[in-house]
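Participant: Sequence:
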Amino acid sequence: MTLPLQDRTRSDSSDYGENLALASILVIDDEPGMRNFLTKVLEPHCKRVEQAASCKQATEFLDQSHFDLVVLDNIMPDVTGLDWLAEQRRIGLFADAILITAYADLDTAIRALRAGVADFVLKPFRANQILNAVSRALDRKYLRRENDLLKHELSEVGQTARGRLLGNSPAIAKVRDILDRVAPLPTSVLFTGASGTGKEIAARTLHGMSDRAEKPFVAVNCAAIAPDRIADDLFGVIKGDAGRKDGLFLHADGGTLFLDEVAQLPEQVQASLLRVLEDCRIRPTGAERDIPLNLRFFFATNADLEAEVAEGRFRADLYHRINVMKIEMPLLNERTEDIVELASLFMSDFSRMLGLPALDMNEEVLLKLSRYDWPGNVRELRNLIERSVILGQFPEEFAGSGRVTGAEAIETLELVEQRHIMNVLDACGGNRAEAARRLGVSRKTVDRKCAAWGV
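When the letters of the sequence shown are read in order and numbered with the working numbering, they come out as residues 14 to 468.
It is worth saying that the hints were derived from the structure and are not from the lab. Just so it is clear, CB atoms sit at the ideal spot from N, CA and C, and this is done for glycine as well. Watch out, some of these pointers could steer you wrong.
Unchecked claim - Pairwise CB distance ranges, derived in the manner of DEER restraints:
{"#": "1", "residue 1": "R365", "residue 2": "E430", "range": "34 to 42 Å"}
{"#": "2", "residue 1": "P137", "residue 2": "S67", "range": "20 to 28 Å"}
{"#": "3", "residue 1": "S78", "residue 2": "A236", "range": "29 to 37 Å"}
{"#": "4", "residue 1": "Q281", "residue 2": "R365", "range": "43 to 51 Å"}
As the list claims (entries may be wrong) - Below, a list of computed lysine-lysine pairs in the BS3-like style, where the Cα atoms sit at most 30 Å apart:
{"#": "5", "residue 1": "K457", "residue 2": "K60"}
{"#": "6", "residue 1": "K136", "residue 2": "K154"}
{"#": "7", "residue 1": "K381", "residue 2": "K60"}
Produce the complete structure using the sequences and hints provided.
Facilitator: Here it is, written out as structure tokens:
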């Protein structure tokens, strides 16, 4: 059956939404005229459209590629579209489906709902009808994904890292240089460093610099999910008659998956992850078919993975597979030059978010912040600022002259000395020998002062 194209909407693809423009669609119909019509209607608006002349050919397509949506006819010679769809759901089809049919009786509708059909389009139909149906189905699909990801983020222990990578210290400048180099590449990245050093923020920054920036960034704390549930959460699961649950891998398709605390993955999941990294395919629990995916992987850990491998708690082959490009995040006490910028940003953010006045951070407060060791790194600094804004004052050990607001801090000789030496060091590009020459003191004196200030 061939329908005329004069009814075809000639508007730009943006009229039907960004989801349609980025979609891959499989058209299944035994009639060449209908397949060609649907392809001509959809192709100008979609990223990719493939045709299958039979359910057998459609199965071969699904074995090779992942599609966002399937548009299929119900009445075909070898098997009905609904019977084929029900079988594909059983073995592992996660794409949404639209059924085109000339017979919309109650029995067909009930079977279609059980098979997970997103919409009906009755024959005969116009081009704009199929475009609207496809667009609606994709919008609902991605709305479900956004809701699932939001629930996932809310269920994570602690607060999901946001913001951007701040600071201009040599240590953080080195991290930025590596991010610039790897951003355009598909290479997996392993972020290491102590807890609270900003590994997830660095990963989000790298995702935003890549060509996947408009696609999902899905962060998973492997230590926060029960070991008996993590495989289903990551890979998805077929639940028999109860339907299916999309996994976080599938939600991240096209974008970036960030596995934090990767050393905490159970051994069985480590083996499955290795297979995903090598084949770029996942197999949901209960499925009989692999699903091809397009993903970039970031990993993070505060553990010594080499020691974990030596102790037999982490697979050696997986370690070598993820340890292609490693970025070590510096401790906060190794980048004390950034404390003022970080503290100021946190103060501004929490004051605005909590609706409370910002506290005065005079030079004495900043000096005490910069001299503290910060065992909890940037996260500890952030928590300190949030707690201080809520209480209306800094803890006694950080307060300036016993007061937080109101009077000016006493300008001590130590503060004057530190500010002058740090200004000279900045002018010398951090060269302590040259700074000592300009100051007229020995290099040992400058080293001793910097050590005392934690610089």
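Participant: What are the numbers of the hints that this structure violates, sorted from low to high?
Facilitator: 5, 7
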